[in-house]
Amino acid sequence: MIKYIIKRLLLLIPVLLGVLIIVFTITYLTPGDPVVSLLGSSYTPETYAAKAAEMGLDKGYFGQLGTYIFNIFTKFDFGKSYMTNNPVVESLMARAPVTAKIAMITVVIALCVGIPCGIIAAIKQYSILDYGFTSFALLSSAIPSFVLAPVFLVIFGVKLKWLPLSGLTSFKSYILPILVSAIGGFALITRMTRNSMLETIRQDYIRTARAKGMRMNAVIRKHALKNALIPVITVTGSWFAMLMGGSLIVEMIFTIPGLGTYLYSGISNRDYPIINGSVFLTSSIVCIMSIVVDILYTVVDPRIKTQFVKKKKTKVKKTEGENA
Amino acid sequence: MSLLEIKNLSVEYITRKNVVHAVNGIDLHVDAGKTLGLVGETGAGKTTTALSILGLLPDPPARIAGGEIYFDGVNLLEQSDKEMCSIRGNKISMIFQDPMTALNPVLKVGDQIAEVIKLHNNCSAAEATKKSIEMLELVGIRPERSDEYPHQFSGGMKQRVVIAMGLACRPELLIADEPTTALDVTIQAQVLEMMNDLKEKFNTAMILITHDLGIVAETCDDVAIMYAGQIVEYGSLAHIFDNPLHPYTKGLFASIPSLDKDVDRLTPIKGLMPDPSNLPEYCKFCDRCDQACAGCSEKEPEYIEAEPGHFVRCLLVKEAM
Chain A
0 MIKYIIKRLL LLIPVLLGVL IIVFTITYLT PGDPVVSLLG SSYTPETYAA
50 KAAEMGLDKG YFGQLGTYIF NIFTKFDFGK SYMTNNPVVE SLMARAPVTA
100 KIAMITVVIA LCVGIPCGII AAIKQYSILD YGFTSFALLS SAIPSFVLAP
150 VFLVIFGVKL KWLPLSGLTS FKSYILPILV SAIGGFALIT RMTRNSMLET
200 IRQDYIRTAR AKGMRMNAVI RKHALKNALI PVITVTGSWF AMLMGGSLIV
250 EMIFTIPGLG TYLYSGISNR DYPIINGSVF LTSSIVCIMS IVVDILYTVV
300 DPRIKTQFVK KKKTKVKKTE GENA
Chain B
0 MSLLEIKNLS VEYITRKNVV HAVNGIDLHV DAGKTLGLVG ETGAGKTTTA
50 LSILGLLPDP PARIAGGEIY FDGVNLLEQS DKEMCSIRGN KISMIFQDPM
100 TALNPVLKVG DQIAEVIKLH NNCSAAEATK KSIEMLELVG IRPERSDEYP
150 HQFSGGMKQR VVIAMGLACR PELLIADEPT TALDVTIQAQ VLEMMNDLKE
200 KFNTAMILIT HDLGIVAETC DDVAIMYAGQ IVEYGSLAHI FDNPLHPYTK
250 GLFASIPSLD KDVDRLTPIK GLMPDPSNLP EYCKFCDRCD QACAGCSEKE
300 PEYIEAEPGH FVRCLLVKEA M
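Just so you know, the sequences run in chain order A and B. Going by numbering that gives the first Met the number 0, the first sequence opens with residue 0, and the numbers climb by one from there. Going by numbering that gives the first Met the number 0, the second sequence opens with residue 0, and the numbers climb by one from there.
In case anyone wonders, no lab produced these hints; they're calculated from the structure. Glycine included, each C-beta is placed from N, C-alpha and C at the ideal position. One thing to keep in mind: the hints can contain errors.
[Unchecked claim] Going by beta-carbon spacing under 7 Å, a handful of chain B positions derived as facing chain A:
no., residue
1, Val-105
2, Leu-118
3, Asn-120
4, Ile-140
5, Arg-144
6, Leu-271
[As the list claims (entries may be wrong)] BS3-like cross-link-like pairs, simulated, lysine-lysine; straight-line CA separation at most 25 Å:
no., chain 1, residue 1, chain 2, residue 2
7, B, Lys-16, A, Lys-123
8, B, Lys-81, A, Lys-221
9, A, Lys-221, B, Lys-117
10, A, Lys-221, B, Lys-107
11, B, Lys-16, A, Lys-221
[Claimed, not checked] Label-pair distances were calculated between CB atoms; the ranges are:
no., chain 1, residue 1, chain 2, residue 2, range
12, B, Gln-151, A, Val-291, 22 to 30 Å
13, A, Gly-131, B, Gly-32, 49 to 57 Å
14, B, Gln-151, A, Leu-16, 34 to 42 Å
15, A, Glu-198, B, Leu-258, 17 to 25 Å
16, B, Ser-296, A, Lys-123, 27 to 35 Å
Chain A on its own, in the form it takes in the complex (with noise of 0.2 Å):
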């Protein structure tokens, strides 16, 4: 097992190396210059050039690729913001942790709220309780982030003046990012959870549980569950990933200092380095979020860990075989 994680984290290495590639060619043939837009209109040739040189932008597309390749191999050093000329790095640890907090509470709370709503919305299907989870959850997921984020806080922070309205400055600023993201995520888990349940259900080993004498309750917990929610992690694997990125509606309306108005900021005033890294941290966090789910599938379903774990199965038999 340890040996499959080991081989998935070495993969990482040339699909992360291709994400650098790619990323830094679309913005090296984005239109519009940089060293333009930080000069502003007063300029000579002679401040370009000096400009340009000083951005490392005075070479060619390889010059650049191999130098900005080079510092990261070497020094970790993605360039620093054309801007404020803080080193890319730093600002990006800076804001991680915020925009991690943000999702990992999300994520947590969207789970908690949506297994447990999928789980009774399967059980009791056509009930009063199904038709009202799968209609609130149809309908969060109809309502777009940029329409319930702003509501909420005219209710929240306008009206009610419960809440603040922008910034980070207690705890009670997490709340309203953390719900209008949470609602998102509740809607699908709970879809997800309760399809799953009702296909996991109706299995002949449900029946054949049942048949053990076991109260429904007990067959769902101990049967159940562990089949139904294979389906739920894929989906909250690849969601927290995309969360991890810096939901970036959420953190514009909210002025949350995270990932996602870090990325917005650099797409704006063309800092490509800004681009260059934020890209590269989330695509990062994509790899390596598929490699956990694909761990915690193997915790989950035994089927799969065989799969991962054939070779080491293999040997075994033989020394069985050796020592008859």
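With the hints as your guide, set chain B onto chain A.
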């Protein structure tokens, strides 16, 4: 008194469009330690009968329209879910048709057997595990395999696990729903032999649901032939095999190839079973029967005792008496 007595049981499946009459007023009884073969083609209502004994009919759409099921003198249909849970797996257990899907893929087989033991015996987890391993050995599976998962077992092995699970609490009645249909012929024989041995060892009564008359001949004491949700013929093994009375039973025997004669074609029963949502008012088999006369399509034939212990539902037999 019989261990299990089913009186006039009727089960329907209610769908949006129509009502499917799966079981229509059947009477059955199984004595302690005896084996009853429940024979019939697909859709005759065999599995529905079995599931209603255990109270595991999918509800909705299934509904018990009438009748009583007495087990040890108690009407199972009047028991609460809690009381049924203490009977299921303990006094009555069931072996399902398809071993491939009957086991939970994410739990170890040993744990799945230990679960039923722990549920009905007041014992510790360690004792349950120990007993589950004994059960595995009893069905011929090496004890070290109890830590493996169902996907690591072959079909025949899985069915052994299911049987071990069914017998783990020494039930008084075992319902085996086509236990060998999903297995190949060599494994079939092994599994049947093992089930017979264990049944005798524990003195368990059994309802064997099958459409294979060969299996019936080998294992059963009594036989009930089911057709379109009714028992059309019921009797001891000798009654049914030596002196079949109902044309359907005769048809079943005629469609088995004989070892003595060289025949090119089998004689199947022509036609199909009537649509269970639209059953005729008269004899259900009439439309497929070679010997049907005018009276057959007029009213439902009575269920009569043709000879002591040999019941049949056919007008012709009644008239011949």
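Tested hints:
1. The closest approach between the C-beta of Val-105(B) and any C-beta of chain A is roughly 5 Å, which is under the 7 Å cut-off, so the hint is satisfied.
2. A least Cβ separation of about 6 Å between Leu-118(B) and chain A falls short of the 7 Å threshold, and the interface hint therefore holds.
3. For Asn-120(B), the suggested interface contact is broken, since its CB lies about 12 Å from the closest CB of chain A, more than 7 Å.
4. Violation of the interface hint for Ile-140(B) is found here, the shortest Cβ-Cβ separation to chain A being roughly 17 Å, above the 7 Å cut-off.
5. For Arg-144(B), the interface hint is violated, since its Cβ never comes within 7 Å of a Cβ in chain A; the closest pair sits about 13 Å apart.
6. Restraint check, Leu-271(B) versus chain A: the minimum CB separation of about 27 Å is more than 7 Å; hint violated.
7. At roughly 23 Å between alpha-carbon atoms, Lys-16(B) and Lys-123(A) fall within 25 Å of each other, so this suggested pair holds.
8. The suggested pairing of Lys-81(B) with Lys-221(A) holds, with an alpha-carbon distance near 18 Å, which does not exceed 25 Å.
9. This hinted pair checks out: Lys-221(A) and Lys-117(B) have alpha carbons roughly 14 Å apart, not beyond 25 Å.
10. For a cut-off of 25 Å, the pair hint linking Lys-221(A) to Lys-107(B) stands: about 12 Å separates their Cα positions.
11. The suggested pairing of Lys-16(B) with Lys-221(A) is violated, with an alpha-carbon distance near 36 Å, which exceeds 25 Å.
12. The given range of 22 to 30 Å is respected by Gln-151(B) and Val-291(A), whose C-beta atoms sit roughly 26 Å from each other.
13. The supplied range of 49 to 57 Å is met by Gly-131(A) and Gly-32(B), whose beta-carbon atoms lie about 52 Å from each other.
14. Gln-151(B) and Leu-16(A) have their C-beta atoms about 39 Å apart, which keeps the hinted 34 to 42 Å range intact.
15. For the pair Glu-198(A) and Leu-258(B), the beta carbons lie near 46 Å from each other, so the given range of 17 to 25 Å is not met.
16. A beta carbon spacing of about 47 Å between Ser-296(B) and Lys-123(A) contradicts the range 27 to 35 Å that was offered as a hint.
Hints 3, 4, 5, 6, 11, 15, 16 from the list above are not met by this structure, while the remaining hints are.
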